[in-house]
Amino acid sequence: MLAALMGRPQGTFASKVEVEGDSVTVTREVDGGLETVKLAIPAIVTTDLRLNEPRYASLPNIMKAKSKPLANKTPADYGVDTTPRIETVKVSEPPKRVAGIKVADVDELMAKLKAMGVAA
Amino acid sequence: MKTLVWVEHDAGQVKDATLACVTAASKLGEVHLLVAGEGVGPVAEAAAKIAGVGKVHVAEGATYAYALPEAVATLVVELMGHHDAFLAPATANGKNIAPRVAALLDVMQISEILSVEGDATFTRPIYAGNAIATVKSSEAKLVITVRGTSFEKAAREGGTGEIEAVSSAGDAGGATFIGQEISKSERPELTSAKIIVSGGRALQNSENFHSIIEPLADKLGAGVGASRAAVDAGYVPNDYQVGQTGKIVAPEVYMAVGISGAIQHLAGMKDSKTIIAINKDEDAPIFQVADIGLVGDLFKIVPELTSKL
Ligand SMILES: Cc1cc2nc3c(=O)[nH]c(=O)nc-3n(C[C@H](O)[C@H](O)[C@H](O)COP(=O)(O)OP(=O)(O)OC[C@H]3O[C@@H](n4cnc5c(N)ncnc54)[C@H](O)[C@@H]3O)c2cc1C
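So the protein sequences, as listed, match chains Z and H.
Each residue of the first sequence is one higher than the last, beginning at 1 in the numbering used here.
Each residue of the second sequence is one higher than the last, beginning at 1 in the numbering used here.
Source of the hints: derived by calculation from the structure; they are not laboratory data.
A hint or two may mislead.
Once the Cα atoms are required to be at most 30 Å apart in a straight line, the calculated DSBU-like pairs of lysine-lysine come out as [said to hold, decoys possible]:
#1 H/300 - H/95
#2 Z/96 - H/153
#3 H/273 - Z/112
#4 H/49 - H/27
#5 H/308 - Z/90
#6 H/270 - Z/102
#7 H/153 - Z/38
#8 H/2 - Z/102
#9 Z/102 - H/27
#10 Z/112 - H/95
#11 Z/102 - H/49
#12 H/280 - Z/112
#13 H/153 - Z/90
#14 H/49 - Z/112
#15 H/95 - Z/102
#16 H/2 - Z/114
#17 Z/114 - H/308
#18 H/95 - Z/114
Across the chosen pairs, the derived CB separations fall in these ranges [claimed, not checked]:
#19 H/30 - Z/21: 43 to 51 Å
#20 H/281 - Z/61: 40 to 48 Å
#21 Z/50 - H/297: 25 to 33 Å
Quick caveat, the model's predicted, so the values are computed rather than measured.
Beta carbons: idealized from backbone N, C-alpha and C, even for Gly.
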């Protein structure tokens, strides 16, 4: 959405990102495998789980961060209306599965598979 | 209500997830389709035959090949002048396009709907499927992604849709397609397979995965899936992963072999019709959702089962 609002290209589900000059090459995790796109920067990239190891903040840096000034703003300061236009009517539990039966051995499993028409 | 469904296609074929999307759209009103791509004449003709389809808008052009969201979303927004709802399958491509459309139309997207409850009321999973929210939109236009396993697939035949060309050269907005590496497999695709055999960490390595899981899957004509642990350990490629951060599947039969049944895995397969679990630990959580369980060593059980099938 951000990419669209900025009128910039997007690389979602990125598992590899390489910046060269004024473009970025993004390898994406798609349904059947991988796809690579080249995007003019600035571009918006969203990451897949396997992109990298997250970088953890070191203790000294955490301490330093504490003394940085924080500017508190509201969306209204930027002229943005965040009133939800979707209402949650209710939240319910999904249908629960219950544990079925245990079979003793492969022959019993075969019998079940046959009964289901999965095995001939 | 007039709906517009983005048709995902591959090698001249309309993908199954799109057929489920058509069913969802038909519950809202009139169904129009958008087929965009290069050399998509045959796809448009196939799409027009889908039961219940009114109009098929066809955008032909190199810019639309590979479903680049920058190009497709712009096109959709043009067509949304005459439609009230846009629906896309909740696939990697659909999820890449729909939010862009939503932003350009300035509406809140409704993601992964499971059912249509009214004109603007839908159910959708939250907290990785651990709860179902019923949501109502007050937007002038709806932008929706549809979970393919939650709707019946519309019939591929029986429709008499009218094909209409869209004249729009398209603009890929700074994005260029470079290439793709799509795993080639003779096996059924996970999201539409009737039977799935999935392997977990218990397989220990890639050789075992191939020599134990795959022959069983092939005997059953099944698709092959895996837990995240098996994927992370490199036994199989990432696109095999079933679960919260992988594929959502709901086959007739799901066989989990050496998979513990972590909640994140269950999120991807608990809507399967019949779940069969093979695990040596009788207390493994997978047995709490399995219809049929067999406790034992997979290295003995699976080859025996494969040979008897
Ligand atoms: C944010 C997040 C997202 C995640 N998303 C996913 C996801 O999408 N999909 C997913 O699968 N996981 C996901 N996970 C990981 C999940 O939590 C589990 O770690 C993972 O599913 C475990 O995989 P497994 O069952 O193969 O391995 P394990 O939990 O190690 O289970 C192995 C099982 O094999 C059994 N076993 C061992 N040897 C044998 C044998 N010889 N014969 C028979 N049985 C045997 C054991 O008893 C055990 O039950 C996610 C985790 C997080 C934190």
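Checked hints:
Between residue 300 of chain H and residue 95 of chain H the alpha-carbon distance is near 41 Å, which puts this suggested pair outside the 30 Å criterion. Our distance criterion of 30 Å between C-alpha atoms is met by residue 96 of chain Z and residue 153 of chain H, whose separation comes to about 24 Å. The hinted pair formed by residue 273 of chain H and residue 112 of chain Z meets the criterion: a straight-line CA distance of about 14 Å does not exceed 30 Å. At roughly 18 Å between alpha-carbon atoms, residue 49 of chain H and residue 27 of chain H fall within 30 Å of each other, so this suggested pair holds.
Between residue 308 of chain H and residue 90 of chain Z the CA atoms are separated by roughly 49 Å; this puts the pair beyond 30 Å, and the hint is violated. For the proposed pair residue 270 of chain H and residue 102 of chain Z, the alpha carbon gap of about 18 Å is at most 30 Å, so the pair holds. Straight-line distance between C-alpha atoms of residue 153 of chain H and residue 38 of chain Z comes to about 35 Å, which puts the hinted pair past the 30 Å bound. At roughly 50 Å between alpha-carbon atoms, residue 2 of chain H and residue 102 of chain Z are farther apart than 30 Å, so this suggested pair is violated.
Distance check on the hinted pair: residue 102 of chain Z and residue 27 of chain H sit about 40 Å apart at the alpha-carbon level, beyond 30 Å; violated. Restraint check for residue 112 of chain Z and residue 95 of chain H: the C-alpha separation of about 38 Å exceeds 30 Å, so the hint is violated. At most 30 Å may separate the alpha-carbon atoms for a hinted pair to count; residue 102 of chain Z and residue 49 of chain H exceed this at roughly 45 Å. A distance of roughly 20 Å separates the Cα atoms of residue 280 of chain H and residue 112 of chain Z; the hinted pair therefore holds under the 30 Å criterion.
For the given pair, residue 153 of chain H sits about 27 Å from residue 90 of chain Z by alpha-carbon distance, which is consistent with the 30 Å threshold. Taking the CA atoms of residue 49 of chain H and residue 112 of chain Z, the gap is near 39 Å; set against the 30 Å cutoff, the hint is violated. As the CA atoms of residue 95 of chain H and residue 102 of chain Z are separated by approximately 39 Å, the hinted pair breaks the 30 Å bound. Between the alpha carbons of residue 2 of chain H and residue 114 of chain Z the distance comes to roughly 46 Å, so the proposed pair goes past 30 Å and is violated.
Using a Cα cut-off of 30 Å, the hinted pair residue 114 of chain Z and residue 308 of chain H holds, with the two alpha carbons roughly 12 Å apart. Of the pairs offered as hints, the one joining residue 95 of chain H and residue 114 of chain Z is violated, with about 39 Å between alpha carbons and a cut-off of 30 Å exceeded. Taken as a hint, the range 43 to 51 Å holds for the pair residue 30 of chain H and residue 21 of chain Z, whose Cβ atoms sit roughly 48 Å apart. For the pair residue 281 of chain H and residue 61 of chain Z, the beta carbons lie near 42 Å from each other, so the given range of 40 to 48 Å is met.
Distance hint for residue 50 of chain Z and residue 297 of chain H: a CB-CB separation of about 31 Å, consistent with the stated range 25 to 33 Å.
Figure legend: structure checked against the earlier numbered hints; hints not met, in rising order: 1, 5, 7, 8, 9, 10, 11, 14, 15, 16, 18.
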